[in-house]
Amino acid sequence: MNGTVLVAGAGLAGSRTAETLRARGFAGRIVLAGDEPHAPYERPALSKELLAGTRTDVALRPAGFWGAQDVELVLGASVTDVDVVRRRATVGNRELAWDALVLATGAQPRRLDGPRGIHHLRTLADAQALAAEAGESAHLVVVGAGFIGSEVASTLLGRVASVTIVDPAPAPLVNVLGPDVGGMLAARYRSHGADVLLGVGVEGFDGAERVTHVRLSNGERLRADLVVVGIGALPVSPLGGAVETDEYGRTSIPGVYACGDVAAWHRPSLGGRVRVEHWTSAAGQARAVAAAIAGEPEPFDDVPYFWSDQFGLRLQHVGHAAEWHAVVLEGGDDAFTARYVDREGRLVAALAANRSSDAARFRRELAA
Amino acid sequence: MSRFTVHIDQSLCSGFGSCVSEAPDVFRLDPGGTASLLVTVTDDPGVRDAADACPMGAITVIEVAAA
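Chains as they are written, first to last, in the working numbering: chain A, 13 to 380; chain B, 64 to 130.
Possibly wrong hints are sitting among the right ones.
Said to hold, decoys possible - If you anchor each label on the Cβ, the simulated ranges turn out as follows: (1) A/ARG122 to B/SER74: 27 to 35 angstroms; (2) B/THR68 to A/THR224: 55 to 63 angstroms; (3) B/ASP112 to A/GLU377: 28 to 36 angstroms; (4) A/ARG122 to B/ASP115: 33 to 41 angstroms; (5) A/ALA141 to B/ASP106: 23 to 31 angstroms; (6) B/VAL102 to A/GLU107: 47 to 55 angstroms.
Quick caveat, the hints were computed from the structure, so don't treat them as lab data. Using N, Cα and C, we set each Cβ at its ideal position, and we do this for glycine too.
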């Protein structure tokens, strides 16, 4: 097709869609609209190098790239009032006619709000605000031992006065890694100097202008003047929450596609739609959406993959398994693998820690 | 025959390893968990597949016209 493609969301998924359209020779108009004031950037770096201060530039592509690709980048502009019949939408404050609409609006953090000093981490602005408050006298409490929480704790350990991680689950990342491997991570966090309180939730925050304590569900109060809340994210889109697609990125509405954190993407290999918040899925989905728009649909049915750099471990996880029969561990504290197998001993998911070659091998095994 | 110069943007590499699968004579995974180049100039056409396969977009391949 020619015509106008409106991409709502200028993160990885949206920007990769725009980029791939041009790479495929699409000659129509591409409008890439994002509600943040920054050009597309790497979100995973926010809890790692950006927060650590070892990188300041996290742009996905060099300045001038989008203009050179003839992609109209509209920043600080939300896409609203989507009319799928007339194929119009409001971008910022202008009405735009579109021929194809890509919903790549991502997710927003679930929030626990209270006095100043409580941070959520999703955007570059969030990360910069957190970095500014993470001084050597800060007593940091991290609510949630997921990716955000564990990476923030890892990055700020040694820079702030104390780090305490709180999670109601029995182990960090327990839904993905299970209690044994999650427990290994908790032990590692503790040996690095973080306090880890598991099986306890957060009831609220004390403090008038600024937070002074975190109130726990067991009645305890933790001293805290800096709090980072990482308790998950919820998809957002101009059509509501998550957007369901087939394995080509097409929604049930002609001309409307979705990719990235917002998309509940159909995966034939898993037998259903799964919404995955990982980089490689967003990137692959974006490429598939571009192919679909170009009239050459290619299914994207990936083996979900995520990585996390924390506490001296490069964790790489492949697969998507709601349950497993056994976990086979191999290696030592500083480099190990965990294979999650079903009753027949077949691999359903795997974790590699400082074992990149094994991660690649597991990925090939799961894809076969 | 074409020759290619290859570059890895290390700030994007997450050690996914698909590059090694596509062009094992050009890419390797280091113990630190990221990819590195065995050669920076090659005539292995697999490097283009490697660049496409990299989910991070970390690989740049520039084709240099053969004399």
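Taking the hints in turn, this is what the structure says about them:
no., hint, verdict
1, A/ARG122 to B/SER74: 27 to 35 angstroms, "29 angstroms, holds"
2, B/THR68 to A/THR224: 55 to 63 angstroms, "57 angstroms, holds"
3, B/ASP112 to A/GLU377: 28 to 36 angstroms, "20 angstroms, violated"
4, A/ARG122 to B/ASP115: 33 to 41 angstroms, "35 angstroms, holds"
5, A/ALA141 to B/ASP106: 23 to 31 angstroms, "49 angstroms, violated"
6, B/VAL102 to A/GLU107: 47 to 55 angstroms, "53 angstroms, holds"
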